[in-house]
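Use the sequences and the hints to build the structure in full.
2 protein chains.
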Amino acid sequence: MNLVLQQVSNIPIIQPGDDLGRVISASLKENEIQIRDNDILVVTQKIVSKSEGRFVNIEKETPSSEALRMAAICEKDPRLVEVILRESREVVRCKKDTLIVEHRLGFICANAGVDHSNVKENSDGIWYLLLPEDPDRSARKIREYFSKHESVNIGVMIIDSHGRAWRQGIVGIMIGTAGVPVLVDMRGKADLFGYDLRITQIGAADELAAAASLMMGQADERVPVVHVRGFPYPLAESRLSDVLRPKDKDFFR
Amino acid sequence: MNLVLQQVSNIPIIQPGDDLGRVISASLKENEIQIRDNDILVVTQKIVSKSEGRFVNIEKETPSSEALRMAAICEKDPRLVEVILRESREVVRCKKDTLIVEHRLGFICANAGVDHSNVKENSDGIWYLLLPEDPDRSARKIREYFSKHESVNIGVMIIDSHGRAWRQGIVGIMIGTAGVPVLVDMRGKADLFGYDLRITQIGAADELAAAASLMMGQADERVPVVHVRGFPYPLAESRLSDVLRPKDKDFFR
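Note that the protein sequences, when read in sequence, are chains A and B.
In my numbering, each number is its position in the first sequence, counted from 1, plus 540.
In my numbering, each number is its position in the second sequence, counted from 1, plus 540.
Worth flagging that the hints you see were computed from the coordinates, not collected in a lab.
Some clues are possibly wrong.
All copies of an identical chain are treated as equivalent in the list; a pair is satisfied when it fits inside any one copy or across any two copies.
[Said to hold, decoys possible] When the alpha-carbon atoms are kept at most 20 Å apart in a straight line, the in silico EDC-like pairs for lysine to aspartate or glutamate are as follows:
1) LYS681 x GLU777
2) LYS635 x ASP788
3) LYS616 x GLU630
4) LYS789 x ASP637
5) LYS636 x ASP790
6) LYS688 x ASP559
7) LYS787 x ASP637
8) LYS636 x ASP788
9) LYS789 x GLU615
The model shown is predicted, which means the values in this text are computed figures rather than measured ones.
Shown next, in the form of structure tokens:
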């Protein structure tokens, strides 16, 4: 069995209001990729956020006293910290050069995913990009486009790149899903010799996010979408929150 | 550009002393996979450990007072905890059902990777399997087999599945490498609009480990090796320690 990840290039620079389903569909045709049932499209959060107009001009921000206090510790622009805090439920770690938060969507990441790279320069302001409002919904919208206009039942995943505790380097990670199973339950399955498995749940969506991220690169490579064929588990209803570890079972806050 | 991950099935049950390079080479031929320069073989730690005879019979263990103390907290067999502690530099978290350590190789994981599943039942003992002694060396040995006997320059990675802080589900992760770059440095690269990138290092080996893990499954599927073609970065000298976050930059111990 093969897993094949194909770069979808030729995606134009996305503008607020663009219909991503339509844009990706056109690029697939240009790339001569014939989409089929059970294929998966992995989409970087960046173009989703752009299509949703999630730009913020930090010159317009007035930092709160909390933002000023945090900014002094992590040595970031207090106006940026103000935006980060607004996107967050709580601060998990604040140290020099590092601001790690629980994002309002529930996952832990640096800077609440607020990002400056690949955001178009604009003469009147210092622009940053927030993560999509509701990445599960964004994924569903793209999935529905393909269901409606191309009559295919596919999975769609929105991904970002996060750092990890303990290990260096960032890896692709799922922040929104429509149809891609998040956890695959192995409980009750036996191993080769009939023992119960120690491992009970596979983080399948995150494993696929990492794989797709490898094909996106991070610089000027312009591969915001990866087409996947051969994902080894059936599509299933799913959502970001499936992957979030309940706070009382999280020993690393 | 495509990334293609192909399951290498037909790997026989591995016995201590087996030459994994030779075994995998034979299975590739059976699977009609023609290995080429720059291909990568991803190998689960399980068969590496078996080939290295890393079995431990916990019935022979006498738990130390430290092991007894920890075992009472995490509610595991004290003889197993004794083995886990011997494989560890320090205990990071010990709670009911959970024993997370810094493995002697430097990474953080549950139970020091000591595992009972897929370990052959034996009438005289309760057998567990330790991680390979030196997974970088194990990877190099396989790489050298292919260099010597098939005249190809490939990358080899040994992987395991680890849980994560904050997120549910286990994902594939690199624990040994020969030739597969661990971190790909993006510093100095500009984004689409010429900004410096916020993201400086991509955890490329871990991203590939996650991808390959997806194709291995965890139960009785018997896919201990995945063949990879189209990895987007050049092979480079590398080692496990490249991925380990220095303790003074790790905020989540």
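Structure versus earlier hints - violations, ascending order = none
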